[in-house]
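Chain A is already provided as a structure; the job is to place chain B on it using the hints.
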Amino acid sequence: KAGVTQTPRYLIKTRGQQVTLSCSPISGHRSVSWYQQTPGQGLQFLFEYFSETQRNKGNFPGRFSGRQFSNSRSEMNVSTLELGDSALYLCASSLDRTGAEKLFFGSGTQLSVL
Amino acid sequence: AQSVTQLDSQVPVFEEAPVELRCNYSSSVSVYLFWYVQYPNQGLQLLLKYLSGSTLVESINGFEAEFNKSQTSFHLRKPSVHISDTAEYFCAVRRNSGNTPLVFGKGTRLSVIA
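In the order they appear, the protein sequences are chains A and B.
Reading the first sequence from the start, the letters are residues 1 to 114 in our numbering.
Reading the second sequence from the start, the letters are residues 1 to 114 in our numbering.
Keep in mind the hints are simulated off the structure, nothing from the lab.
Since we're looking at a predicted model, the values are computed, not measured.
For glycine and all other residues, C-beta sits at the position ideal for the given N, C-alpha and C.
Simulated coverage check for chain A against chain B, where a stretch passes if three residues somewhere in it have a Cβ under 8 Å from a Cβ of chain B:
no.	region
1	30 to 42
2	46 to 58
3	106 to 112
Just chain A, same shape as in the assembly (with noise of 0.2 Å):
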């Protein structure tokens, strides 16, 4: 079974530019949640989709959006990038949502901002 797969693995882009991560999860599983990864801050939610509704919201600016298809593949836009945007960003899809099962995660796309 193929695991969580993300796109691209690095991107370099430059501040004002805007940028599209996409992730395709496990087969079978609906909920797709991201996170922002970065040296001493950790791990940040983003938002949670399930079954292309957006569940969840993390506290970042509106600069931030996403969306789920149909297929449950998922992407991530950040909108007018500021330096600050540079970090791991992790996809992370689950079976369902009854909140005990584990979340498993891809490899991350590193954005670099310029």
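Below, chain B without anything else, positioned relative to chain A:
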């Protein structure tokens, strides 16, 4: 809202010595508790979790954690570490009902020294 505090950002320890990684959580409701591990250049993977029942939970590679409700702690321990345990460890919490995301601590970097 739930929150997690990992009291040590870095823990160096000699090979075959015991180790404890500390985690305290804050929540006004009942929660599920998790430890995830991130090996270098990889995504996170579940190490162990506490849902209910026995307060001591174990992983397949020798780690264990004990849920202590009165002290709101979920410390991770291993009696004898190996070089291969070098990784970053994240404690996480999620309320056991309702619609809330998994909240992570800032992580503890465990470095095992030969």
